[in-house]
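Engineer: Chain by chain, the residues run as shown.
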Amino acid sequence: MSNSILEGGTAAPVTAPSTMMSMQQALNRALDEVLAENPKAVIFGEDCGRLGGVFRITDGLQAKHGEQRVFDTPLAESGILGMSVGLAMAGFHPIPEVQFDGFAYPAINQIVCQVARMNYRSRGTLPMPITLRVPSFGGIRAPEHHGESLEALFAHVPGLKVVSPSNPHEAYHLLKYAATRPDPVIFMEPKSRYWQKGEVDLTRHDAADGGGSPTGAKVMRAGRHLTLVAWGAMVARCLQVAELAAEDGIDIEVLDLRWLKPVDAEALGASVRKTRRAVVVHEAPLTSGLGAEVAQLITQSCFDTLKAPVERVTGFDVPYPSGDLEDEYIPNIDRILFGIQRVLEYKRG
Amino acid sequence: MDTLPLASGDAAKPLTPAELRELYSLMVAVRHLDASAIAWQRQGIIPGYAPELGQEAAQVGSGYAVDTTRDFVFPTYREMGVARTMGVDMVAYMSTHKATWHGGLYDPQQTRLAPIQAVVAGSVLHAVGWAHGQTLAGTADGSLGVAMTYFGDGASSQGDVHEALNFAAVMKAPVVFFVQNNGWAISVPTERQVAGGSVAARAAGYGMPALQIDGDDVVAVVEATRRAFAHARSGQGPVLIEAMTYRRGPHSTSDDPGRYRSLDEERDGAGLDPLERFRQRLLAEGIADGVFFAEALAAAKAEEEHLRIGIQALGSRPGTEMFDLVFQETTPALQAQAANWREESEHV
Ligand SMILES: Cc1ncc(C[n+]2csc(CCOP(=O)(O)OP(=O)(O)O)c2C)c(N)n1
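Here the protein sequences line up with chains X and D, keeping their order.
The opening position of the first sequence corresponds to residue 697 in the working numbering, with each subsequent residue numbered one higher.
The opening position of the second sequence corresponds to residue 206 in the working numbering, with each subsequent residue numbered one higher.
Misleading hints may appear alongside valid ones.
Here are some chain X residues the structure puts well away from chain D; computed CB gaps all over 12 Å [stated by the list, open to error]:
#1 V730
#2 K736
#3 P854
#4 G894
#5 A942
#6 E962
#7 R1031
Derived list of chain X stretches under chain D, where covered just means 3 residues or more per stretch with a C-beta under 8 Å from a C-beta of chain D [stated by the list, open to error]:
#8 740 to 747
#9 793 to 806
Chain D residues, not near chain X, derived (Cβ > 12 Å throughout) [as the list claims (entries may be wrong)]:
#10 A342
#11 G350
#12 D419
#13 L487
#14 F497
#15 I514
#16 L519
Rather than coming from a laboratory, the hints here were simulated on the basis of the structure.
Cβ coordinates follow ideal geometry from the N, Cα and C atoms, glycine included.
Let's have the full structure, built from the sequences with the hints guiding it.
Structural biologist: Right, dumping it as structure tokens:
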């Protein structure tokens, strides 16, 4: 788990075949390739087959790879995850989908008690190479249970790994990487970013910038005065904030955590030792959120150099609200700027 | 299939002409509002909606059997027709589709309609608990309040449904399990969803009487639901009704049914429109005439206009409610978050 912090970044090779696509297309392409490369990979869930998923992430995959490889299940999340366990025991590489984040709750028993523990329980003889795709987080004015942020819940469970892409390039590479791992990975797709287009460099199969670790965090914008730590849809928002702050002469570094478990403590430390200030931004509620974990990791490695306590800008400790109040709930540009201000103006007592 | 003992008393009485006309008026109102809601979504008045085109008979017929002075209904996200039949304020109901408040703005205790439920099979066990409460409260057999819970063929795959059926049967709880089998769970047809032939067939395994009925025949639906209510009310335990119907058009306003079935398949599967079918019957039996049908439609149009204005006038709820309604007794942490939010959003 290491990733060098690249001041200014390394230029991509000019010959690299980059192509513009949406995150939906990038994920679809990654799954297509995973199916082609691994005959043991299978994709299933509610409406994944003929419909191509309600978000079309599995669009066309059943037609191309057949009904044995890509199939619809009955409408039962516990069933979907329980089935994944058995398929993994039989040597398959299941890539199940839970249709929306909030419907992972009915599957929690299977995820926590079975998926996460089978390898341990069997002393490593029954690995669980399961990649659970979960369209995650809010921002689309959806009905109840269609906009939850479950990362802390998943990250808390021993035996699970958790990752979330922030743009099409990350989506393509992180999914390809996750879907070839021997351990359970919860792959949290920021659904509000599905239709956002971006450049995907298909040649970088290590899923990392500049040849670093595919399991590391990644600096999306280098800066000197403060580190914004984010993941998923909040990365794009933090990049926007950084541009605005730059107009006031504040030079912000944006770190895309990418892996929410395990967290890349080294990259966090390296960034904050340089900027000496940090704000964590997430959509999930504040209390016991992943921001607390990140803040502690920063404190541990940067206590001596920190100029201010690590701040958090997050959702609130309220059930995810209806669409009309969504913009009040999700950290917006103003609230992130306030968080930055609190850190910049902090005076030791 | 019909394993329910035949009804006697009120439940066995045929519907009166006035009741039949009322059912028709309700179906027209529901049909019209449903079509309007889809139009409103396309016009940007509401962000989303779950249509029920073709399910009017199942919804109006079952809702018609509810006694709102003592029964309680546990809906999913698609029971607008039931709500309308039960007399729920439709602006308050549609507020959930306006993205104003998740469960809708109606009062569940007063309307006897539980909040709108987005989790498939989420409230099926709730109904069993509520119904068992009737038994615990010592309500005499014959006057038990009945819980009716709605779910789909897709939802019947959930483990919660099986637990609910078993609990209700073991405890002889006064529950009516009303399954609207509309042929589809988004893109997946019933035969890929339900093993054992039908949902109704499963009831036998729990020793529970069940009825599989023509859910497009509103009279059949009222009669079956009344029989089931009478059975449950008299302390004889739960009943499962599987109303066979068909969801025409999309599953929700963000669905694209062209990806999983053709229009021809839809036409063949759907059969005769339940509203048109009922109209023909009322005409043939001389219970209603052209003037009555025209008036029913005019009333539905007037209602729609009234509702659209009400829905458009619905403002967002104040952001403070997001914090105030989490607990009965709030926490210091939440108060601090609310204060912070007020300050940063300049709402003070
Ligand atoms: C637990 C859960 N999983 C997934 C979903 C997403 N979803 C919403 S409706 C639906 C299909 C429901 O089918 P059915 O129960 O037959 O009811 P219908 O919508 O056809 O009336 C799905 C998969 C959900 N709401 N809840």
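Engineer: Give me the numbers of the hints this structure contradicts, sorted from smallest to largest.
Structural biologist: 7, 16
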